[in-house]
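Chain order of the listed sequences is A and B.
Mapped onto our numbering, the consecutive letters of the first sequence carry residue numbers 1 to 473.
Mapped onto our numbering, the consecutive letters of the second sequence carry residue numbers 1001 to 1206.
These are computed hints drawn from the structure, not numbers from a lab.
Incorrect hints may appear among the rest.
So the derived label-pair ranges between C-beta atoms look like this [unchecked claim]: (1) A/Leu106 x B/Arg1118: 36 to 42 Å; (2) A/Leu289 x B/Asp1039: 48 to 54 Å; (3) B/Ser1051 x A/Tyr140: 26 to 32 Å; (4) A/Leu394 x B/Arg1152: 48 to 54 Å; (5) A/Gly193 x B/Glu1149: 36 to 42 Å; (6) A/Phe334 x B/Gln1030: 22 to 28 Å.
Straight-line distance between alpha carbons at most 27 Å, and here's what the computed BS3-like set of lysine-lysine pairs gives [said to hold, decoys possible]: (7) B/Lys1081 x B/Lys1151; (8) B/Lys1011 x B/Lys1035; (9) A/Lys339 x B/Lys1151; (10) B/Lys1059 x B/Lys1011; (11) B/Lys1163 x B/Lys1035; (12) B/Lys1087 x A/Lys339.
Even glycine gets a Cβ: it sits at the ideal position worked out from N, Cα and C.
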Amino acid sequence: MIFSNTDPSYEFLPREDNIKTENEYLTISLGSLSLLWLLLSGLFLLVESIKLHAPELFNQLSWLSYGKIHQAAQLTLLGALTQGLLWMGFSFIVSNRQFFKRLNSLFFISLSLLNISFIVGIIELLSGNSGHGTFIFPPYSLILFSLGFFFLLPLLWDSLFKIQRLSPSLMFVALSFWTVPFSLVTILFLSWGGYLQGAYGSWALSWFSHHFLSLFLLPLGIATVLELAQKYSPKPIQNPASLRFAFWIYAISNLMTSGDLIGTPLPFIPAWLRSLQTVGSLFLSFSILIILLTLFRHLKPLLSDLKNELSFPFFAFATASLALLGVLKALLAFQEIGKWVQFSTMTNALQTLLYFGFFTMIFFAWIYHQLPLLLERVWASSSLIQTHFWLSALSTGITTLALFIASGLQTYRNAISEIPFLSTVMIIRPLLWIQSLSRVFQFSGILMISLLFLLLLLNWKPNPKNSMFSNPR
Amino acid sequence: MKNNSIPSFVKIIFTFFLGWLLLIWIPYLQFGTQKLHEDQESGDLVPRPLSGLAVRGSKIYEQNGCATCHTQQARNSREDKVQGYSKRASVARDYFYQPATFAGMNRFGPDLTNVGGRKKSAEWHHQHLFSPQTVSPGSIMPAYGFLYEKKRIVGQPSAEALKLPVSVPIEEGYEVIPSEQAKALVAYLLSLDQSYSLPESPLIEE
Chain A
1 MIFSNTDPSY
11 EFLPREDNIK
21 TENEYLTISL
31 GSLSLLWLLL
41 SGLFLLVESI
51 KLHAPELFNQ
61 LSWLSYGKIH
71 QAAQLTLLGA
81 LTQGLLWMGF
91 SFIVSNRQFF
101 KRLNSLFFIS
111 LSLLNISFIV
121 GIIELLSGNS
131 GHGTFIFPPY
141 SLILFSLGFF
151 FLLPLLWDSL
161 FKIQRLSPSL
171 MFVALSFWTV
181 PFSLVTILFL
191 SWGGYLQGAY
201 GSWALSWFSH
211 HFLSLFLLPL
221 GIATVLELAQ
231 KYSPKPIQNP
241 ASLRFAFWIY
251 AISNLMTSGD
261 LIGTPLPFIP
271 AWLRSLQTVG
281 SLFLSFSILI
291 ILLTLFRHLK
301 PLLSDLKNEL
311 SFPFFAFATA
321 SLALLGVLKA
331 LLAFQEIGKW
341 VQFSTMTNAL
351 QTLLYFGFFT
361 MIFFAWIYHQ
371 LPLLLERVWA
381 SSSLIQTHFW
391 LSALSTGITT
401 LALFIASGLQ
411 TYRNAISEIP
421 FLSTVMIIRP
431 LLWIQSLSRV
441 FQFSGILMIS
451 LLFLLLLLNW
461 KPNPKNSMFS
471 NPR
Chain B
1001 MKNNSIPSFV
1011 KIIFTFFLGW
1021 LLLIWIPYLQ
1031 FGTQKLHEDQ
1041 ESGDLVPRPL
1051 SGLAVRGSKI
1061 YEQNGCATCH
1071 TQQARNSRED
1081 KVQGYSKRAS
1091 VARDYFYQPA
1101 TFAGMNRFGP
1111 DLTNVGGRKK
1121 SAEWHHQHLF
1131 SPQTVSPGSI
1141 MPAYGFLYEK
1151 KRIVGQPSAE
1161 ALKLPVSVPI
1171 EEGYEVIPSE
1181 QAKALVAYLL
1191 SLDQSYSLPE
1201 SPLIEE
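Bound conformation, chain A alone (with noise of 0.2 Å):
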């Protein structure tokens, strides 16, 4: 049996061992979940380009239909996210020593039920049950999903809810395990009463689009940098006030204000929903670039040693897209300026850069120094990782780019009126093509990563004197 907590002393007396067991089973469990829903989602997004150069093939094919594929991709990528993060932000509560009472039996319906209503939502997607608009979550899945989190909250209530004083890591998790709940409340309640209808609809999901996104997914992110940068280098952080003080600017303003990082406020929403949303999105650039300046002086007395750790070119690569999404964000906050970009390939480039660029690597980098060390194992190959840190890299770099020169394009072009608009789609389409050259490279990447996480599990290699591995610690 991987985990075990059957003596009646576990709740009240945290040890080591307790700490390895129980990181020994969330890595088994939403480590391999979520690495197997982000191969799916590698896939369906490997699809979706086929679709787009060659929308004639399959056209027979309801379920296989471009809009289709392309949700699904959406929910299996938010499917793989939302468990790597929910992993990580779980181990730093253990690794914290705030322990679960009832890991076993509810921390498993929970993980069937969120893995349920991935499926399920993948399912109503392809067989048109779509829901609300262009909304993320298919009507059965946002149910199971709920219920699913929910089975959580009784875990997480004496690690987080009731701590008067937790770590500026912890405080993220905090922040995302109390949004959710409470937004998906929102959501159903909303639903339910018929009020996700016209504009206010619209609204209403966006709204809840950005507290999945900004406060709960985002914070976990966070977190997972903050605790990397503590194991980087294991002194206290010189400035932890700045951290607290990111934090509430990260909380209070954006509950209040729904700013994001990559959507743009509704044109039809009133003025005052937009000026807010305005002044939420530059609080929310302000407090990453805040976090993650108190980062880099922490981390760069250190920058040489760690030039040897495998994960930190996965780290320092997220924590740089992160930094590039503040200041492009602050920059398009302003309405003015956003306006230009708005509804072309910039959405798509902040999105690659938000989820290829800091999610996806800062999970990488997690997993790559820390499985090591919760699992007492070795990666099987050094070269792999490196290889796929430069996959994931090019892929990540390459497609932004290419989507950046494509959101140039369209705003330069489509404000002449004598250039026609397809003409305009036209130009853009290599670049298109391009982003969907670096699919496979990103493909070839989580087919890497997958293969070593396999491999470590089935400790196939656990001689520590052949380990290319590198640990600064």
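Keeping the supplied structure of chain A fixed, place chain B upon it in accordance with the hints.
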């Protein structure tokens, strides 16, 4: 540990409640409960309600993720004026009868706010959905062949059959008929028309 008289959980709930009030409740009062507007010229109430077929069509639009590539929100921007998307900016009231609002975030395809006003022919829409490249050369829109049925011609050809160009080969003795889903989708597309004036967003005459 500092002994706070108010538990942290209560503070958190209070913060969430404030955010909810500001972002959910007040917007609902402001634009979730809007009324129709009486058009001065025609005396009609605008926006006009969608037909039952168009409502079904909006579901087909939603299922196939059309909003992935098409927006339905016109702005007072140079791009929107140049592309002829609308003679005014879309406002919240325009979506009064929409079962779901497909605002969209990308324009890989053109904005559809007023597509019913720009392209009034159902035949054009059917042909476009069945084989986009034949009516819009260079388009990257996928073909929605599954919305159409290829049937053997029995007796006279059907009046509903698509009049396809020679570049789309169909076997001799066969014709392409729109399914009920295709008809609903086209009815929905034709219903997308914001060519009326609203006090908060009057039409801009050229």
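- Item | Cβ separation of A/Phe334 and B/Gln1030, checked against the hinted range 22 to 28 Å | Distance hint for A/Phe334, B/Gln1030 holds at roughly 24 Å.
- With respect to the beta-carbon atoms only, verify the hint that A/Leu394 and B/Arg1152 lie 48 to 54 Å apart. Holds - the Cβ-Cβ distance for A/Leu394 and B/Arg1152, about 52 Å, lies within 48 to 54 Å.
- Does the alpha-carbon distance linking A/Lys339 and B/Lys1151 stay inside the 27 Å limit? Answer violated: A/Lys339 to B/Lys1151 is near 48 Å, above 27 Å.
- Task: Starting from the hint 26 to 32 Å, judge whether the C-beta atoms of B/Ser1051 and A/Tyr140 obey it.
- Result: holds, 29 Å
- Message: Run the distance test for B/Lys1059 versus B/Lys1011: straight-line Cα separation, threshold 27 Å.
- Response: The given pair, whose Cα atoms are some 42 Å apart, is violated under the 27 Å limit.
- Query: Is 36 to 42 Å a correct range for the gap between the Cβ atoms of A/Leu106 and B/Arg1118?
  - Reply: violated, 55 Å
- Task: Evaluate the given range 48 to 54 Å for the C-beta pair formed by A/Leu289 and B/Asp1039.
- Result: holds, 50 Å
- Task: State, for the Cβ atoms of A/Gly193 and B/Glu1149, whether the hinted interval 36 to 42 Å holds or is violated.
- Result: holds, 39 Å
- Assess, step by step, whether the Cα of B/Lys1081 is no farther than 27 Å from the Cα of B/Lys1151, and give holds or violated. violated, 42 Å
- Within a Cα-Cα threshold of 27 Å, do B/Lys1087 and A/Lys339 meet the stated pairing? Roughly 18 Å separates the two Cα atoms, so the pair holds.
- Item | Pair hint B/Lys1163 and B/Lys1035, alpha-carbon separation not exceeding 27 Å | violated, 42 Å
- Taking 27 Å as the top limit, are the C-alpha atoms of B/Lys1011 and B/Lys1035 close enough? Violated, because 37 Å separates the two Cα atoms, which is more than 27 Å.
In this structure, the hints that do not hold are numbers 1, 7, 8, 9, 10 and 11, in rising order.
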